[in-house]
Amino acid sequence: VKPFSGVKRLKAYGHMGKALTFTTIIYVRMYIWTEIACKYFISIAQEYLAVQECAFVAGLDAGLIYNSWPKMADKWIPDDLIVSRYGSTVRNFLDNPTTVQFTHRMLAYTTVLTTGLLWANVMRLGVACTGPRIRNAAHLVFGAVLGQSLLGITTLLCYVPASLGSLHQCGGVVLLSSLLWFTHCLRAVPK
9 VKPFSGVKRL KAYGHMGKAL TFTTIIYVRM YIWTEIACKY FISIAQEYLA VQECAFVAGL
69 DAGLIYNSWP KMADKWIPDD LIVSRYGSTV RNFLDNPTTV QFTHRMLAYT TVLTTGLLWA
129 NVMRLGVACT GPRIRNAAHL VFGAVLGQSL LGITTLLCYV PASLGSLHQC GGVVLLSSLL
189 WFTHCLRAVP K
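To convert, note that position 178 of the sequence shown is 186 in the numbering used here; the numbers rise steadily by one, no gaps.
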């Protein structure tokens, strides 16, 4: 299976950004956000950025250069993370496939960590405090982040077949939607 290539990263970034923005607006307009829901904005923003970063990963074929996990070619931080041929450090984040893949991995790790902590806090509070709806929404978020992580790792290790790459991008939208649903469920929490 040939890897998917030929994606113009800035165009893909714009299209993905519009799709994610519209998805988020639909949820926000459908449901009134409470103060407590806004506290989870960081988790939502991290996932939004991680999915947006997919456009750069696809556009630079960055998934094809370090097909190992958890390390990148037996190193936690690759040697070519920031290189002078791309000019400024900012250009490395836009044009250097190594930096783009590294950034995507770090955003994914922080998303897994923050959603894992979110899930653990809900489980610690118990059903009596949170209610079954919030608990189920937390399970959905945690399941979505684990599924998305496993799918991303599998996609990387299989040298990014188009089917897995597309499924991974769809999984990002599912995860973002589950986070938005979780924040909606928080409306039921008494102040």
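Since the hints were made in silico from the structure, they are not lab data. Be aware that a few hints might be false.
As the list claims (entries may be wrong) - Simulated restraints, written as ranges between beta carbons of each label pair: (1) Trp-77 <-> Ser-174: 30 to 40 Å; (2) Arg-93 <-> Met-114: 29 to 39 Å; (3) Gly-139 <-> Tyr-167: 28 to 38 Å; (4) Thr-97 <-> Leu-125: 37 to 47 Å; (5) Asn-129 <-> Thr-31: 23 to 33 Å; (6) Arg-93 <-> Val-135: 52 to 62 Å.
Virtual Cβ for every residue (Gly too), placed ideally from N, Cα, C.
- Query: How does the Cβ-Cβ distance of Gly-139 and Tyr-167 compare with 28 to 38 Å: does it lie in that range?
  - Reply: 44 Å, violated
- Range hint compliance [Cβ, Arg-93 to Met-114, 29 to 39 Å]: Distance hint for Arg-93, Met-114 is violated at roughly 22 Å.
- Message: Given the hint of 52 to 62 Å, is the C-beta distance from Arg-93 to Val-135 inside that range or not?
- Response: 56 Å, holds
- Is it true that the C-beta distance of Trp-77 to Ser-174 lies inside 30 to 40 Å, as the hint says? Cβ of Trp-77 to Cβ of Ser-174: about 20 Å, so the range 30 to 40 Å is violated.
- Would you say the C-beta atoms of Thr-97 and Leu-125 sit inside 37 to 47 Å of each other? The hinted range 37 to 47 Å is violated for Thr-97 and Leu-125, with Cβ atoms some 30 Å apart.
- Task: Note whether the CB distance of Asn-129 and Thr-31 lies within 23 to 33 Å or breaks it.
- Result: 25 Å, holds
Violated hints for the displayed structure, listed by number in ascending order: 1, 2, 3 and 4.
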